[in-house]
Structures are given as C-alpha cells and as structure tokens.
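Q: Chains as they are written, first to last, in our numbering: chain V, 121 to 305; chain W, 4 to 361.
No wet-lab data here; the hints were simulated from the structure. Since this is a predicted model, take the numbers as computed values, not measurements. Incorrect hints may appear among the rest.
Unchecked claim - If you want a taste of the chain V side facing chain W, the calculated C-beta under 7 Å gives, among others: (1) Lys181; (2) Leu222; (3) Leu249.
Claimed, not checked - Where chain W lies over chain V, by a calculated footprint (3+ residues, C-beta under 8 Å): (4) 188-194; (5) 265-272.
Ideal Cβ placement from N, Cα and C applies to all residues, glycine included.
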Amino acid sequence: MDDSQIVDLYFARDEQAIQETDSKYGGYCYSIAYNVLTNQQDAEESVSDTYMTAWNSIPPKRPSLLGAFLGKIARHISIDRWRKINAYKRTGGEVQIALEELDEAAGHSDTPEAVVSLAEVTESINRFLCTLPEMERRIFLCRYWYLDSINDIAGKTGFSVSKIASMLHRVRGKLRKQLAKEGLL
Amino acid sequence: MTRDLLLDAIGGVDESYIADAQILRDGKASFVHRRFPRKTMFLIAAIIVSLLAFTVYAAESGRISNWALDYLCGTNQVLEDSYARTAEEVYQNVNQTIEVNSCAVTLQAAISDGKRAFLSFHVVLPDEMKSDALHYSFEAKPMETDYPEASDQKPGVASYGWRTIPDGNPEDNEIDLLFDSFASNGNSVVPHNGYSWSFELKELCASNRDANGKVTVESIAQGPWIFHFTFSSQYSQEPVELIQEPVSIWAANSLIINRLNLKYPCLFSIESLQIRAMTATCTVKLPKWVPVGDFEMRPITLSMKNGDVIPIQWDNLLNDGSGTLNLHGTFPVPIDAGNIESVLFPGGIREPVSETIQ
Numbered sequence: 121m122d123d124s125q126i127v128d129l130y131f132a133r134d135e136q137a138i139q140e141t142d143s144k145y146g147g148y149c150y151s152i153a154y155n156v157l158t159n160q161q162d163a164e165e166s167v168s169d170t171y172m173t174a175w176n177s178i179p180p181k182r183p184s185l186l187g188a189f190l191g192k193i194a195r196h197i198s199i200d201r202w203r204k205i206n207a208y209k210r211t212g213g214e215v216q217i218a219l220e221e222l223d224e225a226a227g228h229s230d231t232p233e234a235v236v237s238l239a240e241v242t243e244s245i246n247r248f249l250c251t252l253p254e255m256e257r258r259i260f261l262c263r264y265w266y267l268d269s270i271n272d273i274a275g276k277t278g279f280s281v282s283k284i285a286s287m288l289h290r291v292r293g294k295l296r297k298q299l300a301k302e303g304l305l
Numbered sequence: 004m005t006r007d008l009l010l011d012a013i014g015g016v017d018e019s020y021i022a023d024a025q026i027l028r029d030g031k032a033s034f035v036h037r038r039f040p041r042k043t044m045f046l047i048a049a050i051i052v053s054l055l056a057f058t059v060y061a062a063e064s065g066r067i068s069n070w071a072l073d074y075l076c077g078t079n080q081v082l083e084d085s086y087a088r089t090a091e092e093v094y095q096n097v098n099q100t101i102e103v104n105s106c107a108v109t110l111q112a113a114i115s116d117g118k119r120a121f122l123s124f125h126v127v128l129p130d131e132m133k134s135d136a137l138h139y140s141f142e143a144k145p146m147e148t149d150y151p152e153a154s155d156q157k158p159g160v161a162s163y164g165w166r167t168i169p170d171g172n173p174e175d176n177e178i179d180l181l182f183d184s185f186a187s188n189g190n191s192v193v194p195h196n197g198y199s200w201s202f203e204l205k206e207l208c209a210s211n212r213d214a215n216g217k218v219t220v221e222s223i224a225q226g227p228w229i230f231h232f233t234f235s236s237q238y239s240q241e242p243v244e245l246i247q248e249p250v251s252i253w254a255a256n257s258l259i260i261n262r263l264n265l266k267y268p269c270l271f272s273i274e275s276l277q278i279r280a281m282t283a284t285c286t287v288k289l290p291k292w293v294p295v296g297d298f299e300m301r302p303i304t305l306s307m308k309n310g311d312v313i314p315i316q317w318d319n320l321l322n323d324g325s326g327t328l329n330l331h332g333t334f335p336v337p338i339d340a341g342n343i344e345s346v347l348f349p350g351g352i353r354e355p356v357s358e359t360i361q
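Can you make the complete structure from the sequences, with help from the hints?
A: Right, here's the structure in full:
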C-alpha cells in the first residue's frame, strides 16, 4: 500500500491505518528507537507511542513523506524516553556518544539558552544541510539524526571508520562556524 | 546553546533530508567503495563498451531488427485510442481557455499568499467522454519546484506537496480542480512577481460505478500536459493581522498528557493571529507547566459575513518547550479577508475584525 493510501486510512479514522503503518514502517521506526534506547522493550513502547501520536496528528496533518514524518515522531519520543531513563545516569548508548560529539559544535558560550529558540537553530541547521555535499549530509544525518554508530555508517558506505570520524569532525566544525556566524552560539 | 538543544534541533530538520539519508541506511546510495579489483573493473568496462559499439554498428547497418533496437534504446508507448499521447507545452493566463486532448481547460484562479499557492481549473470534457462517469481526477506532478523565494534558499523537491481537492459536483460533465502547493516547514513558497512555474498533468480519469456499487477507474486521456504559469503581484495577497491585542483563552480539554490521553484545561495567550488567502499564522504563549509534546487546541474559527464558519486547521501542535509557539494553519478554501466578520476563539470569545481590516 502506498503512503497516500495509508494517510487516507488515517483520515477515514480506519484502524487499519496503524496495521499498514506497522507493516511498512514498523522496522524503520524500531531501528530509530533502538538506536536511541538500546533496549528492545523500550524501543517497542516508543514505536507504539509513535503510532498513537501519528493517529492523533493525522488529520489535520497530511504528511508528504510519511516515513520521515513517523521517523521524526519516533526519534522525538525515544530521546524523550531516554532522557527520563537517564536523568541521573547519563551513560551508555549512541545518544550519549553523539551528545559528546555535538558538544564540539554546540560551543560553550555564555549565551543564555532561553535566548536561542529551538526553531531558530533548526532553521539554521536546515540552511547548513543545504550547503553540504550529498554524501556528507547523509552521513551527518545518519550519525546525529538516526544516531547510527560510526561503525554501522562505515559498513554501509564502504568508507573506513577513521574516514567517517574525520568527515564528521569536519562537518561539526563547519556547523559550529555557521551557528556562530548566525549568532546562535 | 547546549548539546541537548542541538540534538533536538537536528531532530526537526526538513523531512526531505531525513528521507534522503535513509537511502544511505538502506544501502541504496552509490559509493566510491570498490567491490572489484581495478583490473576486473577495467575488463568489465571494456566488455560493455564493445557491446555498445557493436549495437550501434549493427543498428546503423540494419543487422539487428527494430524491436531489438527499441529494447536497447527505449521507445515511447503510443496509445491505441484517439486520445493519443501529446507532449505540447501550454501557456495559459487566468480566465484563458485552452484545449488539450479535446478537453477545454480554463484557468479560473491563481492565488499565492506567501505560504501556499492555489490554482483552480475548470475542465469541460467532450461529449464522447461523457458516459456515466461519476467524477474525474487529474494526476498532477510538479515539474519544477525550485522556488527561489523559499526562505531556506534550497530547491525543495520533497518539501512541497500537491493535492487535489475533490470535485464538488461529480455528476456533471465539468470538473473543478484545485492544486494546492504548500511547504511542509513553513517556508515561503510564494511565486513572486514574474516568476514562472510549471507542472505536468499526467492523466485524466473517469470513475464509473456499476450496479453492484463497484467503482472502476478508467483512463480516458493521457498527457503529459505541461502548463507554465507566470505569477504577477496582482494575484498575491499580503497577510492581515486579525487582532490588535493579545487574547487570553481558556482552552478547556485542550491538553493531551503523554499517552494516557488525559486532557486538562489550559490558559493560552494568543499573541498574534495573521491570515492570508489560504494560511494563518498564530503566536501562542503556553504556561510553563505544559509538558513538551503534542497538545490539542480547540478550534479557532472565522465567521464570515455570508454566514459561513471556517475553522483554521493547525499543523504540528507540538510544544517544543520554548513556551512561545508559532503555529501554521491552513484553510480548506481561499479566504477573502474583507469578508471576515469576526474571529471566534475557544470559550466563546468573539473578536470583531472588520475594523482592523479596514
């Protein structure tokens, strides 16, 4: 079933929408959730929450890219759950490693966090991604959006682990420069 | 900025980028990675080049049949019916009628409001196509989605969508089609003055219902019909602010707490409310205790002078924790700001707007 037919099922409030979503995107959402939570049960619950959120959002929302739309929800829910679980013990998993890497791009300026809105930073990152070569952009998003491990990315691309790590280091540096240039650091 | 904020911000990037990166995860992207030794690659390339050279030679000298040439080089399908494929490019102005595949197509309206663009066609089919068709539909495909005015300055192939709005009167032999272009991330997609825009109509279909109620869809004319539009400022609408002062509203049963689906009343402050022809923008302040995540806002509706009540449909009601949200809304049909009598907020608060607009 194609995406528009699945979205039509949501609009018709037909519960088969959830089954079709699970059948087509269940594995995709699970892989995102598992990358974050590294726990089967937590990942399954996050996927389940993803479907519920999609059910409540469509309609009125009509996503043009259903997979990416669901992936966004799954990532948001999983990171939220990861934060709750790890509130007192920030250890383990790709999120923790990715966060440490992102420290480099986030900087340590004195700008109060409240001054910089999430939406502003997201828009800036969108502009930044537009400037990146295709391969760098994909690798950056595999690492920091999908939270894939560097080993996995190396396996998928055929590049060496050190090449991926160095590419990511370079991209983080560019991102930091752009955020600083736009006054977001 | 904290690394957590950066991680969250990355989570909100454009969906087209996310889908694109998934290609790499699926292993469908092309890589520099060399699977074969250099000598083997050279050998394979030499064989392919030799085969191609032989094919061209054989075709030129008539030593292989046409079907084989067609198979190798590809060929266009030709329809057997009288409505054969045409590939003409059509230039059309508002209120102008053109004929494509024996169908008279009139562009009735073209409006852009800075967030969405709207086109309305009126199509009259020839008598021989009439039969007992219940409704017709176009399959629309954007040909060019490089909007230079988009605020992110990138060609947004996957950022912009098209949809058709169903024919209001399916039993006649006429079709009113609305093409609706919108940006998923709130970017400006306004085709500004003088900007040409083109897209492709692929197919015109008729749907017929038999005695058992089974619906069959039949293709009665195939394109592509390529339309070009050049927008002028005459068809663009500026945003209109509907409220002068912030409005506080008790949006009862407005909040969904996690998956428990518990709903609590919540006092929102509407700081600003702007409308355009087809979109609305609203700035909302939420109390600090509202948790991050989805929430539900009771409808804000427009009361029109002709008695119509039009709800604003909000996209992505998601509290990102910042406390101030910029909501993007849409209307099912284009709105004329001069015809709005009042805005009705949850809790029965009515804000007259006619003076503001004047």
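Q: Hint by hint, note whether the structure agrees.
A: Quick rundown of the hints versus the structure:
For lysine 181 of chain V, the suggested interface contact is upheld, since its CB lies about 6 Å from the closest CB of chain W, less than 7 Å. Annotation: interface hint on leucine 222 of chain V holds; nearest CB of chain W at approximately 4 Å, less than 7 Å. Taking 7 Å as the C-beta contact cut-off toward chain W, the hint placing leucine 249 of chain V at the interface holds, the least distance being around 5 Å. Here the segment 188-194 of chain V counts 4 residues with a CB under 8 Å from a CB of chain W, which clears the bar of 3, and the coverage holds.
As drawn, the segment 265-272 of chain V meets chain W at 3 residues by the rule of a beta-carbon pair under 8 Å; at three or more, the given contact holds.
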